[in-house]
Every structure is written in structure tokens, then in C-alpha cells.
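Just so you know, the sequences run in chain order A and B.
Numbering of the first sequence is given in our numbering, commencing with residue 1 and proceeding in unit increments.
Numbering of the second sequence is given in our numbering, commencing with residue 1 and proceeding in unit increments.
Calculated from the structure, these hints are not laboratory results.
Errors might be hidden in some of the hints.
Which copy is meant is left open, because identical chains are indistinguishable; a pair holds if it fits in one copy or across any two.
Calculated pairs, EDC-like style, for lysine to aspartate or glutamate (alpha carbon to alpha carbon, straight line, at most 20 Å) [as the list claims (entries may be wrong)]:
hint : residue 1 : residue 2
1    : 237       : 203
2    : 214       : 200
3    : 237       : 288
4    : 2         : 64
5    : 237       : 356
2 protein chains.
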Amino acid sequence: MKSIGVVTPQSMHFADPLPLQSGASLSDYTLVYETYGTLNADRSNAVLVCHALNASHHVAGTYEGQPKSVGWWDNMVGPGKPLDTGRFFVIGVNNLGSCFGSTGPMHTNPATGKPYGAAFPVVTVEDWVHAQARLADRLSIRKFAAVMGGSLGGMQALAWSVLYPDRVAHCLVIASTPKLSAQNIAFNDVARQAILSDPDFHDGDFYAYGVVPKRGLRVARMVGHITYLSDDDMAEKFGRELRNADYQFGFGIDFEIESYLRYQGDKFSEYFDANTYLLITKALDYFDPARAHGGDLAAALANTQAEFLLVSFATDWRFAPERSREMVQALVKNERRVTYAEIDAPHGHDAFLLDDSRYMNVVHAYYDKVWQQLAGVVVAAQPQKEAA
Amino acid sequence: MKSIGVVTPQSMHFADPLPLQSGASLSDYTLVYETYGTLNADRSNAVLVCHALNASHHVAGTYEGQPKSVGWWDNMVGPGKPLDTGRFFVIGVNNLGSCFGSTGPMHTNPATGKPYGAAFPVVTVEDWVHAQARLADRLSIRKFAAVMGGSLGGMQALAWSVLYPDRVAHCLVIASTPKLSAQNIAFNDVARQAILSDPDFHDGDFYAYGVVPKRGLRVARMVGHITYLSDDDMAEKFGRELRNADYQFGFGIDFEIESYLRYQGDKFSEYFDANTYLLITKALDYFDPARAHGGDLAAALANTQAEFLLVSFATDWRFAPERSREMVQALVKNERRVTYAEIDAPHGHDAFLLDDSRYMNVVHAYYDKVWQQLAGVVVAAQPQKEAA
Numbered sequence: 001m002k003s004i005g006v007v008t009p010q011s012m013h014f015a016d017p018l019p020l021q022s023g024a025s026l027s028d029y030t031l032v033y034e035t036y037g038t039l040n041a042d043r044s045n046a047v048l049v050c051h052a053l054n055a056s057h058h059v060a061g062t063y064e065g066q067p068k069s070v071g072w073w074d075n076m077v078g079p080g081k082p083l084d085t086g087r088f089f090v091i092g093v094n095n096l097g098s099c100f101g102s103t104g105p106m107h108t109n110p111a112t113g114k115p116y117g118a119a120f121p122v123v124t125v126e127d128w129v130h131a132q133a134r135l136a137d138r139l140s141i142r143k144f145a146a147v148m149g150g151s152l153g154g155m156q157a158l159a160w161s162v163l164y165p166d167r168v169a170h171c172l173v174i175a176s177t178p179k180l181s182a183q184n185i186a187f188n189d190v191a192r193q194a195i196l197s198d199p200d201f202h203d204g205d206f207y208a209y210g211v212v213p214k215r216g217l218r219v220a221r222m223v224g225h226i227t228y229l230s231d232d233d234m235a236e237k238f239g240r241e242l243r244n245a246d247y248q249f250g251f252g253i254d255f256e257i258e259s260y261l262r263y264q265g266d267k268f269s270e271y272f273d274a275n276t277y278l279l280i281t282k283a284l285d286y287f288d289p290a291r292a293h294g295g296d297l298a299a300a301l302a303n304t305q306a307e308f309l310l311v312s313f314a315t316d317w318r319f320a321p322e323r324s325r326e327m328v329q330a331l332v333k334n335e336r337r338v339t340y341a342e343i344d345a346p347h348g349h350d351a352f353l354l355d356d357s358r359y360m361n362v363v364h365a366y367y368d369k370v371w372q373q374l375a376g377v378v379v380a381a382q383p384q385k386e387a388a
Numbered sequence: 001m002k003s004i005g006v007v008t009p010q011s012m013h014f015a016d017p018l019p020l021q022s023g024a025s026l027s028d029y030t031l032v033y034e035t036y037g038t039l040n041a042d043r044s045n046a047v048l049v050c051h052a053l054n055a056s057h058h059v060a061g062t063y064e065g066q067p068k069s070v071g072w073w074d075n076m077v078g079p080g081k082p083l084d085t086g087r088f089f090v091i092g093v094n095n096l097g098s099c100f101g102s103t104g105p106m107h108t109n110p111a112t113g114k115p116y117g118a119a120f121p122v123v124t125v126e127d128w129v130h131a132q133a134r135l136a137d138r139l140s141i142r143k144f145a146a147v148m149g150g151s152l153g154g155m156q157a158l159a160w161s162v163l164y165p166d167r168v169a170h171c172l173v174i175a176s177t178p179k180l181s182a183q184n185i186a187f188n189d190v191a192r193q194a195i196l197s198d199p200d201f202h203d204g205d206f207y208a209y210g211v212v213p214k215r216g217l218r219v220a221r222m223v224g225h226i227t228y229l230s231d232d233d234m235a236e237k238f239g240r241e242l243r244n245a246d247y248q249f250g251f252g253i254d255f256e257i258e259s260y261l262r263y264q265g266d267k268f269s270e271y272f273d274a275n276t277y278l279l280i281t282k283a284l285d286y287f288d289p290a291r292a293h294g295g296d297l298a299a300a301l302a303n304t305q306a307e308f309l310l311v312s313f314a315t316d317w318r319f320a321p322e323r324s325r326e327m328v329q330a331l332v333k334n335e336r337r338v339t340y341a342e343i344d345a346p347h348g349h350d351a352f353l354l355d356d357s358r359y360m361n362v363v364h365a366y367y368d369k370v371w372q373q374l375a376g377v378v379v380a381a382q383p384q385k386e387a388a
């Protein structure tokens, strides 16, 4: 299927301080974003796509002269794709604290004239959503036809439906969870400890030393990556396949899975920022909308007005289907309109990024409905206009 | 229930070189071991208990003047306990490469006069079993009433039944697997990479530098520990409980699970040897008796003569019940006598070390049978002697 083609990132500067959940604030900041498709006349066809851990605003298409720079959800977003850019005006925005363009730890702290480093404030999913809402304001988008995300992106979509209930018509929460489990937090903390204890981390101010805590990032990515894949998928892809004919009786590479994971870790440590990794795992750990309601998720979602699509994947052991069902039940308790699909895909958590016709068809069909509602509003509005 | 009380480790030196699976050999070595109970006159009541990753020969009892030095399987082994030291002569032996007494990387390499460090050869489960067999020879134990172990210890018990089929009457394989999965290997490799990339590791020769790669050991233990606990157990014990009243918005400790894991990591890094950790994870990765038989586990177990007890735990996701069932099926295919219990315990892989009356009763009942068979042999032998 056709890609959206060449796309160009844009950026917007915000001079007003952003108050954060921690009590700190960002004095000013820049958000980098991309848009695909055309905003309609009544500005009602905008869809916000929120990104997960190591992704960015670059959701679809490629950059000029860089044919390999394909957006992370290019299979989902484009002409004729489930989120059809022929119908919708799609926005991808990079979150604060990221290392892909929006203001983050690598950028200059106006208070010191040096990179923020460890001084970059801890940001939450809710902080990101508030920053995204300001971007929407500046783009004069009052209400999104849909806010959508997978994993950590799904948390942002859910938070939008809670924080800005009248600005979200549809909320698509894919492979996500209303909060991390103790085990999820444990894995995040292992990753953080690997980074924090890397001597090249220098308490987050490694930029000044001309080094990067690559060893820590590498281990962090390796352990993270294990949780993205299912046990079965790993067994099928790698099993106990050896790199060489026999065991090497050393600590180099024996098994293909070792080669794969080390490669993933090495690659990641080349481009990802260690402070960003810490910040994003904390945003994951802290997300828990039910917390302010004594743990009652239904109470937390009581003021939502959106319609919902939730999708989970059977072999996702990071954010298992049970976690999506909790959200579905809380929404049903509030008598929200909810569609839920549990896809029997073998690819673990990563399935939300991969092609699976059942998954793609569910999302496609859901956006057909979103589109028909939008069109219906327009059609219904015309007689009203004539009557006025 | 009563403990065996004060116990004393012993050691035995072996001057004959031990050929290893890798092709290397250990020129001479010492094994440290403990024994509990009394060897009977026909030397038929000996039970060998094999240890797992971070355990040792200190299976039961305490050391003189150290009331907290309780053996790692003290709930299983002792007077009136499932493995009753009133009936059986129990041997716990520390494996080669360990850091608890038997010859390992911290000991002097006779070839160089310096600590082995990285020069200590990679040893396998099969190598350990051959070393244990030599110890049995020296103790004049021709045939064990039982060889028993949990996790990596279970692999040794299984290997005994294959390598020395006529020397094992009963084989007890608890919470184990006939081989690691790709995911198991992946977790081990994350742990190894954390150690290998710690600047204080110095390619395994850190002893000479007066340092210990504690950062790597700490992360290795943290990630390992996650795999020992079940998701549910972690949720029940820690959930999202906070250390303080609110989020700290930093990278210190927010959640109790972080505190627990970091503590486990810190403690481990104080006493465990980094080279030993590497060696033991490799022994785990390499264990695969079916490998020499084209992956056919039944063929690998065809020459076994023992009777078997296998136990698995429902929430063990490290070595899940499916892995025990593979062994059961392979043994049944060979028409071996197999008892199999799947215990619905909530404690994940760690359950094999914990008290659970169903689990303890199964093992106790099994040893009753072992004892009755022994007694039966003695009783049956008496008329034969009279007839002779």
C-alpha cells in the first residue's frame, strides 16, 4: 500500500511556562511535530497520534532523500490505510523530554546556559497531554476526531479522554494498560539502574564530559526488548539456534538470540539519550489515573465523553489483554461506547507496530465509523444552517 | 520442625585432572561438601542434593555460632522433613566454578600462580556431575538412593540419570527444564552483558585490581530476581505501593518493588563472584541433553534406569510446567516410572525453595516410597543371604 511519501517535520515554540505535575515547570519549550493529510474547513477531522518509548513525531512517510527513514506507524497511517490521510488530518508530536527534537535533556537549560541533563524535570503522561493540548490550540483544533496511541501512546490517548473530555470524539488505546504492574516497574528499574550506574552517566551530565553511557543504555534496551517479544515468538525466531556449529565455551556469542539482542542494544545506545530513557520509564511508572480516585478506575474515567476502541494482543505479556479488559470494564461501567478487540497474534507487545490483517481491519473499520460520524455531522449540520 | 542443627563443611582434594566437555581440563581441584545423617552399612541410603545458581553445599543446618547461617533447603532436608536425615545420608556438594569453596575463578591457577579469573574453564552441568561422581567414588557410594535438585540442580539430577544410569535409583527434578528457551538465554545474556561491560570487571581479572564489578552484578541479580518471582506474587507483595506518600519525581526510590530489587542486587553484589555468575549462566544455557540426539529428548533419556519424581509450579514462568511435562512425556515414552506433580503455588520459580504443604507432602511421600524400597531390598536381601 502507498506511503504518504515525503514529509517534513515542523516545530512550534511555546513561550508560556508549562506547569508540571511535579510542581516544577518548563519556562519555555519547543514541540516538534508532523502533519499528514488536510485539515477540513470546520477543523473537525484532526487525529492526534501519540508515540511510545523510543518513537517520535515521525509517524508516517519518509524524509526527503532518506528512503529508509520510514515513520514508525507507516503501516497504520497513510492514503487508504487504517488511519486514512485522504480523510483525516493526522498529527504526530514528539513529547517533551525526548531526544528527537522537542525540548529535552540535551537542550540548553535557559537557567544555566548548559544542557539540562539531570536538571530536566520529570514529566508525566498528563504533562505531555497538556503540552499537546497547547499545540492543538495553536493549530486551532478545538476537538480531535480521534486521539490514538499504542503502549505508552495509548496511555496518552486515555489521559486525553480524562483531562480534555470535550476535546476527544474517539479514543483509540492499543496494547496499553491503565497502570504498570510491579513487574513492569521492576523491569523499568533494572533499565534505569543500568544507566544510572554506568560511570559514563556522570549523574546525567555526561554531555559535558563528551561521553555517552552506552553500556547502561545497551543493557537497558536489551532487557526492555525481551519484554516486547513473546516467549513463543522468540522461540520461533531464534530458539536455541547457534551462531557457530558448536558451543564456544566462552562469553562471546553462542546463540542467535544473543547476537540479536546485543545488536539491538548496540544500535539503541548509538542514538538514544540516557536521560530521555530515564524520563520516559518514569512517565510509564507514574501513569495511574485511578490513583487520585482511591484506585477506582471507573471513577477515574467517569467524566470521559469519547467513544473508545481498545485493542490488545494475546501474547503481549508486558501489557497483557487483562489490562485492556480492566479499562473496558471501567468504561462499560460508565456506559461509554466501547469496542474491544483481542487479537490472537504471536508477536507479543510489539504486535501493535506490526501488520496483522485482523488488527488492521479492526482499526480500519473503526475509523470508517469515525469518518461516517464526521460526515454525518456535516450532513446534519447543513439543514441546520439552512434553517438558521 | 527441627533442623539438623550444627553442621560442618568438609573438603576433598582431587589430584587427577578432570577432563571437561569443552576439551579443556582442570589439573586438580577441591570439592567442598556437607553430609547429614548416617550412611547405612550397605551404603545404599545416600542422597545427593544438587544446588542451583547462587546456592552451595550448605543445604541444611547452621554453622557453629552462626544461627542465621541456615542451609538453603533446610525446610526440605532434616529430621522428619521430606528428605529425612533420620533415614537418609544426605550429601550437598558445591560445584566447580562456584565462589563458595570448591575450586573456582577466585582460586589460584596452578599454571600461573595467580587467581584463575577469566582463565577458569567454562564448565557444564555434565562436568559437574562427573566431578560429583568422583566424590561419590571416594565416599564409596556406588549407587545413590536418590539424586535431587531444583532448577539448575534439577538439571544435574537429570544429567546423573543419563550419565550414570546404574548409579541413581531415584531422580527428583524440581522446577527444572530439559533446556533453556530463547527467552531464558536472553535474560542470562543481559545479566552477562551487565557484568562484562562493567569497567571494574577488567576482563575477569578484577581480583588483581582490588575491585569488584558490583554494578554489573547488581543489575544481573535484579534482572534474574524478576524471573524468579511470579507477576502475581510481585503484585501481591509489592503492587504499586509507594515508599513515600507521593511520587518523588526523581530517580531514587518511588515504589517498594524498586527498594526490594535494589536491596537484593546490592546484597548479592557484596558476596557473589562475577566470574562465577558468568560460568553458571553458561552452564544453564548449554544444558540440553537432547542436543546430541537431534533434539529428541526421549532418545536422550532412553538409557536412564531411575524412577523419577518431577515437580513444577503453576506460576513459574522461568521454567514453566510445560517444560516439566516435556520431560515427563519423554520418560513415559521410555516406559520409565514417573510421578509428576504440578503445584498451583503463587510464588513463581522461587516456589521450589518455599514451604507449601502440597509440595512438601508430595516430596515426603515420594521419599517414603524410596525408603520402603530400600527397606524392602534389605528385607528381601536377608532371605537371599540365608539361601546363599
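Hint check:
1. Neither within a single protomer nor between protomers do residue 237 and residue 203 lie at most 20 Å apart by alpha-carbon distance, with minima of 38 Å and 31 Å respectively.
2. For a Cα distance limit of 20 Å, the shortest separation of residue 214 from residue 200 qualifies both inside one copy, at 8 Å, and across copies, at 16 Å.
3. Only between protomers do residue 237 and residue 288 lie at most 20 Å apart by alpha-carbon distance; the minimum there is 19 Å, versus 34 Å within a single protomer.
4. Within a single copy, residue 2 and residue 64 get their C-alpha atoms as close as 16 Å, which meets the 20 Å cut-off; across copies the closest is 76 Å, which misses it.
5. Within a single copy, residue 237 and residue 356 get their C-alpha atoms as close as 17 Å, which meets the 20 Å cut-off; across copies the closest is 37 Å, which misses it.
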